[in-house]
Amino acid sequence: MPELPEAETIARGLDAAIAGRRIERIKIHRDEVVEPMSPAAFRRGLRGRRVLSVGRRAKWIAALLDDGGRWVTQLRMTGRFTWAPPSPLRSEAHLSASFVIEDDGGVIRFYDTRRFGRMWVLDEDEWAELDARLGVEPLSERFTPRLLADLLSNSRAPVRNFLLDQKRIAGVGNIYAVEALFRARIDPRRPARCLDRNDVRRLHNAIRSVLSAAVDRRGTTFSDYRDVLGAGGGFQNALKVYDSEGEECLRCGGTIERCVLAGRSAYFCPDCQR
DNA sequence: CTTGTACCCTGACCGC
DNA sequence: TGCGGTCAGGGTACAA
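First residue of the first sequence: 7, per the numbering used here; consecutive thereafter.
If you are wondering where the hints come from, they were derived from the structure by calculation, not from laboratory data.
Please read all numbers here as calculations on a predicted model, not as lab measurements.
One or more of the hints may lead you astray.
Said to hold, decoys possible - Calculated lysine to aspartate or glutamate pairs in the EDC-like style (CA-CA distance at most 16 Å, straight line):
1. K173 <-> E143
2. K173 <-> D156
3. K33 <-> E98
4. K246 <-> D193
5. K246 <-> E263
6. K33 <-> E108
7. K173 <-> E135
8. K246 <-> D277
9. K173 <-> D137
Full structure from sequences and hints, please.
As structure tokens, this is what we get:
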């Protein structure tokens, strides 16, 4: 489900909700959500800790704790946080974990229909290790056309697959990869290392503009994604090709096609993406 | 090293 | 209305 813009929106919502507050009680409703940690170890690492701030790294949510540790969450496909004032729980369906915040701070809940999501408490070294495994943040200053060109030149994979590789560029998922390639007028099947200087310049621009526009619109609600208050995003109205097989290309009037790369759908206009 | 595939799960949707 | 097949914003282990 969530890519960089959705994770960013969720992180901001959690930060507004719990920054400066203490986590008083934790309930793990499904043990697998903290695997390979044990629920006891997870609760030990988090209970009584104050959350200094909540941020994002790639598609991960990371809350900095007052002992230097990090409460990190990988939302995967359907992971979702909610923040609510103290209130009776309406339904336990798909509830994986819940967190009672100090005093009247309310309750944070983590729901995950497909149960792929994971959350852990990491110490500083473990966090540094995770951070080092992930590639460059595409909205950071470090992500230059030059760096993109270097990364592309080392990959023979189709450029859509290249964009999904979190070791290289971290935070782009299938929707935004496909949308950026449409805006850059690049065929998603082309080998990454075959892009020329102009292709690289357009792709760099497209990645950044698509992601920042999606952050501004608070993400894309395709089916499950919601922010911590339950509101959907707005970027689904700005999508040009994702999930649009057979529809008319808004740029050239051609017909959008779907192809499968590394087991996942890519959408593109064969007439104006080369 | 790089790349692709299978798999983890549930639910929605489509054709019969 | 039911049933089987296919597909879904991700990441990881493992094979080639």
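Here's how the hints hold up against the structure:
Distance hint between K173 and E143 is fulfilled; the C-alpha atoms sit about 10 Å from each other, no more than 16 Å. A distance of roughly 14 Å separates the Cα atoms of K173 and D156; the hinted pair therefore holds under the 16 Å criterion. Restraint check for K33 and E98: satisfied, since their Cα atoms lie roughly 12 Å apart, inside the 16 Å limit. A distance of roughly 14 Å separates the Cα atoms of K246 and D193; the hinted pair therefore holds under the 16 Å criterion.
Among the hinted pairs, K246 with E263 is consistent with the structure: their alpha-carbon atoms are about 12 Å apart, no more than 16 Å. Proximity of K33 to E108 is assessed by CA-CA distance (about 14 Å); at most 16 Å being required, the pair is judged to hold. Annotation: proposed proximity of K173 to E135 holds, straight-line Cα distance about 13 Å (limit 16 Å). Among the hinted pairs, K246 with D277 is consistent with the structure: their alpha-carbon atoms are about 14 Å apart, no more than 16 Å.
Taking the CA atoms of K173 and D137, the gap is near 10 Å; set against the 16 Å cutoff, the hint holds.
In summary, this structure violates none of the numbered hints.
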